[in-house]
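Each chain, written out:
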Amino acid sequence: MSGRDAILGRLKRRLEREGDLESARADEVARRLDDAPAGIIPARGQLPGGERIALFQRMAEAVQASVEHVAAMADVPKAIAHQLSQRNLPAAVRIGADAALAAMPWEASAPLEVRHGPSDGNDLAAVSHALAGIAETGTLVLASGTDNPTTLNFLPDLHIVVVEAGDIDGDMEAVLARIRRKFGKGTMPRALNMVAGPSRSADIEQTLILGAHGPRALHVVIVGG
Amino acid sequence: MQMRSPRFRENAREALDNAQLQRALTNVETNFVGKRKAAADALPEFEALRDKARDIKNHTLEHLDLYLKAYEKKVIEAGGHVHWAETAEDARRIVLGICKRVNAKTVTKGKSIVSEEIGLNEHLSANGIQPVETDLGEYIIQLRGEAPSHIIAPAVHVNKSEVETEFRRAHTHLDPNRNLEEPETLLNEARAILRQKYFDAEVGITGANFLIAETGSSVIVTNEGNGDLTQTLGKVHIVLATLEKVTPTLEDVSQILRVLARSATGQDTSVYTTFSTGPRRPEDPDGPEEYHVVLIDNGRSSMLGGDYQDMLRCIRCGACMNHCPVYHAIGGHAYGWVYPGPMGAVLTPSLTSIDEAGHLPNASTFCGRCESVCPMRIPLPKMMRHWRTREFERHLQPASTRFGLGLWAFFARRPALYRAATGLMVRTLGLFSGKRGRFASMPFASGWTKYRDLPAPEGKTFQQMWAERKDAA
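Residue numbers (the numbering used here), protein chains in the order written: chain A, 1 to 225; chain B, 1001 to 1473.
To be clear, the hints were calculated from the coordinates, so they are not data collected in a lab. A hint or two may mislead.
Below, a list of computed lysine to aspartate or glutamate pairs in the EDC-like style, where the Cα atoms sit at most 16 Å apart [to be verified]:
| id | chain 1 | residue 1 | chain 2 | residue 2 |
| --- | --- | --- | --- | --- |
| 1 | B | Lys1069 | A | Glu22 |
| 2 | B | Lys1235 | A | Glu205 |
| 3 | B | Lys1160 | A | Glu28 |
| 4 | A | Lys185 | B | Glu1077 |
| 5 | A | Lys185 | B | Glu1062 |
| 6 | A | Lys12 | B | Glu1077 |
| 7 | B | Lys1073 | A | Asp120 |
| 8 | B | Lys1069 | A | Glu28 |
| 9 | B | Lys1069 | A | Asp5 |
As the structure is a prediction and not an experimental result, all values here were calculated from the model.
Isolated chain A (complex conformation) (with noise of 0.2 Å):
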């Protein structure tokens, strides 16, 4: 017998009551999959527009995260050129193939050196574009793919990221229904990221430090509201 049956077949006895049936249990087991019922969704994040902003941005903050605001995309360059000059570091970024990132004017309105495609680690700072925020906790969320290749979140020391004001929703579960939307129900990208603050650890007599594996510094531009 494999692994699987015999691993499956004690499951399967341990939890068969007398006179169950296994077809009322797969019913249950299948309604919950495909329904996928909400539990409690925190008052924190419910919240009209502006202030729900205000509240992603201030739990950001309290993250250790950096945030600002631009009127539009086509801001964003001139903001991180400011950006990567503020913090002494070269004018170079590195970015996907996403196309409200390929739209905006890089070499119109700064000297940035912009790189194109996945992360060889060489890289100081690199640009994602959000797919959405979650203002309960200032999470940020990022799809693997071309558009944002995933070595962008963990390799460069400094990791910018842009998210559109209308893509800032209030709690987790509305992030959720925006992925079924995007990707299908019960189908995901390959990986999903969720970004709270740049990395730490308190491995050493748990005294926190920032810049653990992943980037030293998150600057998150929030575009528009």
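With chain A fixed as given, assemble chain B onto it according to the hints.
Same frame as chain A, but now just chain B:
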């Protein structure tokens, strides 16, 4: 991992006498307890979410076979592989097989407690494959040749100066005169060394906080980002997970996530919550080429439907040990196996045997703090009591303990005699305690008085005082 639980008493005694350890342990209560409370208090729905999280896991456990099948189907649809391991040995064999097939020389690892449980690192090393722990705490203890002493802060027993010593010993290619005074410098050194390892490794192994039946995803929560680099940069990603990690839907995971980080570190959420579904897709520019999940039983299925089923709700947040006075006093290594603290005291006998781990359920004052903070509302004291009963029934305690209990039972069944005897004892002790009202040493109680004074009784027994107050009221 080698089982040292049978010598728990000796381990505990050594821990109490270890000054370095005692200094390190002060960090546990100082850092975890207040933060958890602040995070819980800041979320009005926290208690209701605990109920919800408990109910979700209870429902899942009732249909564990069916949810695992649904999960497996989705993993395969996404191009991943599912392996079923009945025992630790099966799991080791499966992982080694995958590593050998891709000619792996180096394997990076995100923090995984079940990897410790199955003794994976020893097995890989013995077969010529170098496992590299990438979580800072795990890296430190790997260099020291130790096991974790805490399930989320594996190096909590190590002081900064000891980390410095270890780094100087291991990183001999670096300037011996470099300054390693600050924790930041130590972290930067580890970051630089491990950065290269992620690129060198053919295989990245992580654990899983959740497996999602709805989507076939595995979820890890981390703060350092090491787990993500481990699973993104290797050619092969192997997920190690025990059966009870499966959770029905994304919404269910969201509910439990809200109590997980708050209970563990007092964060509203961990820095990185990563959902992984299958290997790199045709259009993907990065990510692993192969994605494998090893579903490990190793004793879990036998816990279903029994006295200890509730323990399978555990999400490994560490809150029970962070709030445990016994853990605060002796640390995690004394428990002698992978899982310390109250959750370990219940789980270790379930996964090994009461003969080996019988001391652990006795290492509790039954103060109940563990249950009061457990996000999954696991009745830990009740289950420790179950184990004590079993241990007594099987005559596993030493003769002196059984004699003592027998003596107490003799008096307890004879109320008049009990009152007379305790009254006499209390008066005698009060008489001999002197002006300080405390004993610094006492015959038959040296186990207590070695580490703290024994307060002297103040003249009356509890029952006498009870009777007086009842009459007065």
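Has the given pair, Lys1069(B) with Glu22(A), been kept, meaning a C-alpha gap of at most 16 Å? 13 Å, holds
Holds or violated: Lys1235(B) to Glu205(A), with C-alpha atoms at most 16 Å apart: Measuring from Cα to Cα gives roughly 34 Å; hence the hint is violated.
Lys12(A) and Glu1077(B): Cα distance at most 16 Å? Distance ~24 Å between Lys12(A) and Glu1077(B) Cα, so the pair is violated.
Given the hinted pair Lys1069(B) and Glu28(A), is their Cα-Cα distance within 16 Å? Holds - the C-alpha atoms of Glu28(A) and Lys1069(B) are around 14 Å apart, at most 16 Å.
Between Lys185(A) and Glu1062(B), does the CA-CA distance stay at or below 16 Å? 24 Å, violated
Tell me if the straight-line CA distance from Lys1069(B) to Asp5(A) falls inside 16 Å. Distance ~11 Å between Lys1069(B) and Asp5(A) Cα, so the pair holds.
Check the hint pairing Lys185(A) with Glu1077(B) against an upper bound of 16 Å on the C-alpha distance. 14 Å, holds
Holds or violated: Lys1160(B) with Glu28(A), Cα cutoff 16 Å? At roughly 52 Å apart (the allowed maximum being 16 Å), Glu28(A) and Lys1160(B) break the hint.
Would the hint linking Lys1073(B) and Asp120(A) be met if the CA-CA limit is 16 Å? 34 Å, violated
Figure legend: structure checked against the earlier numbered hints; hints not met, in rising order: 2, 3, 5, 6 and 7.
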